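There are 2 protein chains.
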Amino acid sequence: MVYCLRENDYLGENVMPLEAQLKAQFQSLSNLIRRDSIDLTTRSGSGHPTTCLSAADLMTWLFFREIRLDASNLDHPHADKYIFSKGHAAPLLYSLMYRLGYLEAAEMETFRKIGSRLEGHPTLRLPGVVAATGSLGQGLSIGVGMAEVYKREGRDQRVYVLLGDGEINEGQVWEAAMLAGSLKVDNLVAIVDRNKIQQSNFCDSIVNAEPLHDKFTAFGWEVARINGHDLDAVAEVFAQARSNRGKPFAIIADTEKGFPVSFLSGKLKRHGVALKADERDLAYGELPVGDDLDIAAFTVSKQNFAPLEKTAVKIDYLMNGSEFDASKEQAARAAYGDALKLMGGLSDKVWVVDGDVSNSTYSERFAQAYPDRHIECGIAEQNMISVGVGVAATGKVALANSFARFFERAFDQIEMGAYSQANLKVVGSHIGVSIGEDGASQMAMADCGFMRAIPGSVVLCPADYVSTFYLTREILNHDGFCYMRTFRGNRPVLYPIDESFPIGGCKVLKASDADKAVVVASGYVVHEALKAAEELAEKGLNLRVIDAYSLKPFPAEEIRQICEEVGGPAVFTLEDHYATGGVGDAVLEALNGSGIRVEKLAVTAFPESGKPEDLLAKYGVDAAALVKRVQEVLG
Amino acid sequence: MVYCLRENDYLGENVMPLEAQLKAQFQSLSNLIRRDSIDLTTRSGSGHPTTCLSAADLMTWLFFREIRLDASNLDHPHADKYIFSKGHAAPLLYSLMYRLGYLEAAEMETFRKIGSRLEGHPTLRLPGVVAATGSLGQGLSIGVGMAEVYKREGRDQRVYVLLGDGEINEGQVWEAAMLAGSLKVDNLVAIVDRNKIQQSNFCDSIVNAEPLHDKFTAFGWEVARINGHDLDAVAEVFAQARSNRGKPFAIIADTEKGFPVSFLSGKLKRHGVALKADERDLAYGELPVGDDLDIAAFTVSKQNFAPLEKTAVKIDYLMNGSEFDASKEQAARAAYGDALKLMGGLSDKVWVVDGDVSNSTYSERFAQAYPDRHIECGIAEQNMISVGVGVAATGKVALANSFARFFERAFDQIEMGAYSQANLKVVGSHIGVSIGEDGASQMAMADCGFMRAIPGSVVLCPADYVSTFYLTREILNHDGFCYMRTFRGNRPVLYPIDESFPIGGCKVLKASDADKAVVVASGYVVHEALKAAEELAEKGLNLRVIDAYSLKPFPAEEIRQICEEVGGPAVFTLEDHYATGGVGDAVLEALNGSGIRVEKLAVTAFPESGKPEDLLAKYGVDAAALVKRVQEVLG
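Quick mapping for you: the protein sequence lines, in order, are chains D and Z.
Position 542 of the first sequence, counted from 1, bears residue number 542 in the UniProt record's numbering, the numbering being contiguous throughout.
Position 202 of the second sequence, counted from 1, bears residue number 202 in the UniProt record's numbering, the numbering being contiguous throughout.
Everything labelled a hint here was simulated from the structure, so no lab data went into it.
It is possible that some hints are incorrect.
Copies of the same chain look alike in the list, so a pair counts if it works inside one copy or between any two.
To be verified - Computed cross-link-like contacts, EDC-like style, restricted to lysine to aspartate or glutamate with a CA-CA straight-line distance of at most 16 Å:
hint, residue 1, residue 2
1, K531, D278
2, K269, E329
3, K516, D281
4, K628, D254
5, K611, E109
6, K151, D614
7, K184, D479
8, K539, D325
9, K23, D292
Because the structure is a prediction, the values reported are computed rather than measured.
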């Protein structure tokens, strides 16, 4: 048996059985935290009290005895990290913060009210929160990302992740578990609050998750199963976790939802239901707090770490012509891979996460050069994104790569990452029907609308090597969420190597005083627009061609001015994307109220397999389709 | 040891060791299938030959000896079903179909060409394919849905799912595995082709998936691990699978990618690379096919099943007033739950899949009434959607429910479902900031753009009880993918119970000859639009208010006519959704080129926690914001 002393250090060397006095004190403290959690939800009339009660003994011990926090700065980069992956236990977190002295009583009154840092689920508004939670199943992945960075950098920091036992239905938990086991992330501790009740029913009546111990073991974890309300067991298991080496550590804590309150404990229909005031008072009666409780004596975990400087990435690389052969056609993905490798050498803050297909996205060029800053996550896109969010939470810029299509299964994780203010860049290759023979299941056709909808997002879709190269630099330097889509096939280089591509800009690729209409295109099909314009020019019909590489921010004012200047019965848009959410819709918005009609050329059916040129033709997004439409409209 | 006889029945009673002659014949057949798979990819210059070779022995035995197919109709509802979840093994499937006589040689020439049924990954164009694959990790879930329906209906049918060993990185596989284990779906057989090589590297260098046997065991499966190139073992394991009862059955087949061709077998950099013609010929030399091969003798699995009538759902329920209390405010989700329960009683083709939160989406009202047609999938949205696709593939209409936000992590699965022509209805509750205190992680804010982008989709967002009730009927009757968003809070009933709500329609809620402008709103905030209109009417400023409940098909022509008739400097749109992809963009498109400006009121920042009314006000999508904007614009 290994028990903690009150004054033990954090290396697990100096331990002995718990003193009776400490135990009594702790029981009072844990009950006080329970009372606070109940009170928060009762006063706000909403929230999840019972899920706080089940985890209270575990998390109170963790926060008051185990975890190393900075006394003044919860966000200190050298502190241990905690993630309430079961984000609906937010009141428990806030109660712990309050009793640890990080929150004042007055702020506790603001819970779930507009303007408060104490939101319904934990958000970045509150110091110490590394990523917003509330959409279940993402916290363990975030923890893997953080812990892996600490491990590789030789930093003595642990990451504790609190999971619900309903939450472990989510496959992303098992993606994270598999990766953590494979990487042997032994500074990661998962705490599964096995309280046996989900929102709608008993867990095992919904999906039987047992044998849970065997599951984590089979996924490469060291596992301990304890009674999560037995203080001796709780103390012991955290000491075990602390001295554990070689594998990630899972604590499966059998608890009761609502424990120990008689009318809550193990009862259904209490999930997400705040207690009425009279129920709260009854509950308090079953949560005794001794008069002699000395909270200050517990706060051994608060230390004063040295400050650590945090600098943003600022890369000012200019191309010199050695990067590529400008005489050859190039794929956007190749430019991305080259830029990533070159710029990865200029800042060690650049980290990359991959999903097996790095030899398709060309992020392998970075991976091979900087394996110490590369995390291969396998074919598990949800986990990859959230691992990236975790990497970013350690102060890095994290780039996540896959086929753009496969990110669709991680849109929730991406939105949570942007919401978490993660410095995350998502780069998707293989956009549109122009990938050809592999067929619709591999084509990103519906990505732009979602990505553009995310508040504050940057969405880029470059058309050649040079612009892709420089836009890679721009997203590295931009502090916040960016999405860039790259294409698969080789296409001519459009720009000189000293061209600049600011986020929010666009390029006029072809212009004359005789232009009769404007074409706005984005990505791969910019080349089709140019081809059409050349063909029509030979027939005496001149088009102005715009490369709208920045879908968000969209250069609305500039494009509107050009369209108004050129005039004509319509503006033409061309995109290798479905008709909703892409450049056509962006131009529609830019021309809002102008009276200028937008003739949108986009894909409107599920594509099939075939040669890229055949598909572009079939779905009406190639040069010939544009020529035809322009001639129809311009007569 | 249990071996199959050539003429055994399918109940596993009558078995003995393989004859030597059969074994030799089979080896020839299996090599012929391998040759075909190589040839397809060589001739098309793309595709994945090596992954076909590893699975060839397993799948050739399965298709020629085990599976029960109808001789003339691969889609026969009484046939066994197969899912190539590793969809890039499509050439193997096509080669099997060819040698079984379902495909002609001429059609084999069309592989990966435009217009072909033989696409890069399997699609519904080809008979026998129950769902399109190619986006990995979804097939086992589809199999669970199908097998569970067969089991509950007492139908003696098995579902075989072929998985890659890279694919099992996907958490969705473990979501499906957990549910299958929990439900004891013992007519489901997973075949894991453990060929040890993924696209970019050896599997275990990417993510170590071992011990794989322990993983499936811990998830509640019966597991057999075999050498997937040992014919005796292959024969035995399928016999075991056939007689297995009480648990789903997993075959983990150790194979070699590219087996047995010396220059392919176990080699990296051969994933997704077609052989050149000379390599193909070399490979043929290592794939001997005996002159005495008698393929016809193998086709014992092709039977003639009785035809089964398949009828569409056609529910003509009309409300009679007993459904709800019209004097009380009602939530859209309540109308959905009531309609689902009522109409679930009118057609036993209606099935429902849930993700734990049925007491929030109110689908529990169906679940309690018809538990035999309800599958609870737990907190695992990707699996839930694909289980729904599987249920639909058995000829049912499948409704999948969760908070609309949580579907974002399953957008790929949803798009694959629509692409698979599944009769799937996705119904998301808790839309927008109007859910209140739970905060942004629970709010669907970016769903409409993606759902509208999907080809052929129907997207609905009703504003009251009656419209939600009838639109539930409409999506049940509509053959194809539909998405409906329902709101959480209670709001007044707007319509009489005999109103009709066709898909593609809209409703004018307020109109007069004196109208000065049009407001188009959707969902919860229709009530805010009405409130604003009443307030402004008192000041002598009349608005025409439109309830745009059908976001797709959008009644563009009707709304454009109304806007042109009413006139005014702008049309106002109001939505509890981000500014991209929703009703504002739909109206922009409807008014394309008209010169009428759209004043879009939508949410443009990540929302916080708070009371619904406070949030609607803060993000500028309530009646007051609309009044202010209208007054600013109309002077």
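Unmet hints by their number, sorted upward, for this structure: 1, 2, 3, 4, 6, 7 and 8
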